[in-house]
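Same order as they appear, the protein sequences are chains A and B. Position 69 (the first sequence) corresponds to 69 in our numbering; numbering is contiguous. If you want our numbering, it's the position in the second sequence, counting the first as 1, plus 200.
These are calculated hints, taken from the structure and not from any lab test. Do not rely on the hints blindly, as some may be mistaken.
Covered stretches of chain B (in silico footprint by chain A; criterion: 3 or more residues with CB under 8 Å from a CB of chain A, positions within the stretch not fixed) [what the hints assert, rightly or not]: (1) 228-240; (2) 246-253; (3) 293-302; (4) 379-389.
Here are the simulated DSS-like cross-link-like pairs (lysine-lysine), alpha carbons at most 27 Å apart as the crow flies [stated by the list, open to error]: (5) A:LYS123 x A:LYS74; (6) B:LYS238 x A:LYS123; (7) A:LYS101 x A:LYS12; (8) B:LYS323 x A:LYS101; (9) A:LYS132 x B:LYS301; (10) B:LYS274 x B:LYS381; (11) A:LYS38 x B:LYS314; (12) B:LYS375 x A:LYS45; (13) A:LYS43 x A:LYS101; (14) B:LYS259 x A:LYS114; (15) B:LYS301 x A:LYS175; (16) A:LYS139 x B:LYS323; (17) A:LYS132 x A:LYS148; (18) B:LYS259 x A:LYS164; (19) A:LYS3 x B:LYS339; (20) B:LYS339 x B:LYS301; (21) B:LYS332 x A:LYS59; (22) B:LYS393 x B:LYS212; (23) A:LYS148 x A:LYS38.
Interface residues of chain B toward chain A, partial, derived using beta-carbon atoms under 7 Å [as the list claims (entries may be wrong)]: (24) ASP280; (25) LEU282; (26) LEU286; (27) ASN334.
Backbone N, C-alpha and C define an ideal beta-carbon position, used for all residues, glycine too.
There are 2 protein chains.
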Amino acid sequence: MPKVVFTYFDTKGWGEQCRLLLTYGGQEFEDRRMTHDKWPELKPKTPFGQLPMIEIDGKQYAQSLAIARYLGRKYGLVGDTLEDALEIDQNVDLLMDLILKGAQIYRESDEARKETLYAEAIKNVFPGYLEKLNSIIEKNNGHIALGKLTWGDFVIAGAFGSLKMVVPMPDIEQKYPAFQKVIDNVYSIPSIKAYSESKK
Amino acid sequence: MPKVVFTYFDTKGWGEQCRLLLTYGGQEFEDRRMTHDKWPELKPKTPFGQLPMIEIDGKQYAQSLAIARYLGRKYGLVGDTLEDALEIDQNVDLLMDLILKGAQIYRESDEARKETLYAEAIKNVFPGYLEKLNSIIEKNNGHIALGKLTWGDFVIAGAFGSLKMVVPMPDIEQKYPAFQKVIDNVYSIPSIKAYSESKK
Numbered sequence: 001m002p003k004v005v006f007t008y009f010d011t012k013g014w015g016e017q018c019r020l021l022l023t024y025g026g027q028e029f030e031d032r033r034m035t036h037d038k039w040p041e042l043k044p045k046t047p048f049g050q051l052p053m054i055e056i057d058g059k060q061y062a063q064s065l066a067i068a069r070y071l072g073r074k075y076g077l078v079g080d081t082l083e084d085a086l087e088i089d090q091n092v093d094l095l096m097d098l099i100l101k102g103a104q105i106y107r108e109s110d111e112a113r114k115e116t117l118y119a120e121a122i123k124n125v126f127p128g129y130l131e132k133l134n135s136i137i138e139k140n141n142g143h144i145a146l147g148k149l150t151w152g153d154f155v156i157a158g159a160f161g162s163l164k165m166v167v168p169m170p171d172i173e174q175k176y177p178a179f180q181k182v183i184d185n186v187y188s189i190p191s192i193k194a195y196s197e198s199k200k
Numbered sequence: 201m202p203k204v205v206f207t208y209f210d211t212k213g214w215g216e217q218c219r220l221l222l223t224y225g226g227q228e229f230e231d232r233r234m235t236h237d238k239w240p241e242l243k244p245k246t247p248f249g250q251l252p253m254i255e256i257d258g259k260q261y262a263q264s265l266a267i268a269r270y271l272g273r274k275y276g277l278v279g280d281t282l283e284d285a286l287e288i289d290q291n292v293d294l295l296m297d298l299i300l301k302g303a304q305i306y307r308e309s310d311e312a313r314k315e316t317l318y319a320e321a322i323k324n325v326f327p328g329y330l331e332k333l334n335s336i337i338e339k340n341n342g343h344i345a346l347g348k349l350t351w352g353d354f355v356i357a358g359a360f361g362s363l364k365m366v367v368p369m370p371d372i373e374q375k376y377p378a379f380q381k382v383i384d385n386v387y388s389i390p391s392i393k394a395y396s397e398s399k400k
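Just chain A, same shape as in the assembly (with noise of 0.2 Å):
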């Protein structure tokens, strides 16, 4: 088994999707939890000067979707053909979409701005994308491709709470329950739900 290193903040945010792809590959890893105050002394240290980072057998790689991608490849979490790697990663990239969306808003520091943005996006940008992927995953009985657990479940499952945090519309999980239907999936995997229990 190789060494593995997983460095990120004490937060779920991008990092858990990872964390939870190594529980389920049975991978022991170090769980390093970066404090703020230590970042700015690690940070050229890293790739990219980005959280997360995964050490593995002492090399360095960077880059959150990307890492979780190669666990998924590493456990077997990316169905059979290309053509089935290719279905996971334009599904994962359209939620990213989405993501990438809310946090442009979220990260306006105008306030006034801010909040006429998101009244926009609320009411044009953001049920369009939600409404796709709700229906992607219903059609995926409850996964977001191939209608089995893959690693793009783990994105989903790892990110959702960042999701509603730069998407924020209250009635979310009610509008768009297949989303929970997702993380429902990956935390009833019994070391997903060992793991979850344990940092409680």
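Given chain A, work out where chain B should sit, using these hints.
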């Protein structure tokens, strides 16, 4: 050989990387160029209401990077190991971070605000990404990863025009000359050279 139809607007934009990869792979494909007046009619018939779209033996897929990664795997442009594939993915995602930051400002409709945001990003945001990417390419002998040709190089070759549009730094090519090496490496492949000349 599967029947492939590739649909995008009549521009390089986010489609060219896929056209170049299909050409590299020797895949015959219908290069369907959508006009903006016909797009509203096609839009609801695409997987996500987005272009590019690829149809492989009648099945449709969306999302430019997902398609490029798929074609890269199909044509042996992903290295040998899962870690190789991860290295390409993370470096391409860093490129995408830069492009998305640029695109976010590019889409700003308030011209005065756009100018302020660009001035700030050109000073404090873009150079960090460009220096990092330039140094990655230098280290990889004119490639984005693995020290050899991968599908990531086709992303740079296809999208560098778009990058320059959304990251408007007049001296970008002089200051970060490694990008041009990647482009030259891709366009010196005989089939790509022939394709490129046929489009002039």
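Verification of the hints:
1. 228-240: violated (count 0)
2. 246-253: That given contact holds, which follows from 3 residues of the stretch 246-253 of chain B lying within Cβ reach (below 8 Å) of chain A.
3. 293-302: Per the Cβ count (3), the hint holds.
4. 379-389: violated (count 0)
5. A:LYS123 x A:LYS74: At roughly 40 Å apart (the allowed maximum being 27 Å), LYS74 (chain A) and LYS123 (chain A) break the hint.
6. B:LYS238 x A:LYS123: The hint holds at about 26 Å.
7. A:LYS101 x A:LYS12: 20 Å, holds
8. B:LYS323 x A:LYS101: 24 Å, holds
9. A:LYS132 x B:LYS301: The given pair, whose Cα atoms are some 25 Å apart, holds under the 27 Å limit.
10. B:LYS274 x B:LYS381: Between LYS274 (chain B) and LYS381 (chain B) the Cα gap is close to 24 Å, so the pair holds against 27 Å.
11. A:LYS38 x B:LYS314: 34 Å, violated
12. B:LYS375 x A:LYS45: 24 Å, holds
13. A:LYS43 x A:LYS101: Answer holds: LYS43 (chain A) to LYS101 (chain A) is near 26 Å, not above 27 Å.
14. B:LYS259 x A:LYS114: Not OK: LYS259 (chain B) and LYS114 (chain A) at ~40 Å, beyond 27 Å, violated.
15. B:LYS301 x A:LYS175: Given that 27 Å is the threshold and the Cα spacing comes to 31 Å, the pair is violated.
16. A:LYS139 x B:LYS323: Distance of about 47 Å is beyond 27 Å: violated.
17. A:LYS132 x A:LYS148: 18 Å, holds
18. B:LYS259 x A:LYS164: Cα-Cα ~32 Å, so violated.
19. A:LYS3 x B:LYS339: Roughly 26 Å separates the two Cα atoms, so the pair holds.
20. B:LYS339 x B:LYS301: Holds, because 25 Å separates the two Cα atoms, which is no more than 27 Å.
21. B:LYS332 x A:LYS59: Distance of about 18 Å is within 27 Å: holds.
22. B:LYS393 x B:LYS212: Roughly 15 Å separates the two Cα atoms, so the pair holds.
23. A:LYS148 x A:LYS38: Not satisfied, since the Cα-Cα distance of roughly 40 Å exceeds 27 Å.
24. ASP280: It is violated, given that the least Cβ distance between ASP280 (chain B) and chain A is near 13 Å, above 7 Å.
25. LEU282: Hint holds; LEU282 (chain B) Cβ to chain A Cβ min 5 Å, cut 7 Å.
26. LEU286: 4 Å, holds
27. ASN334: 13 Å, violated
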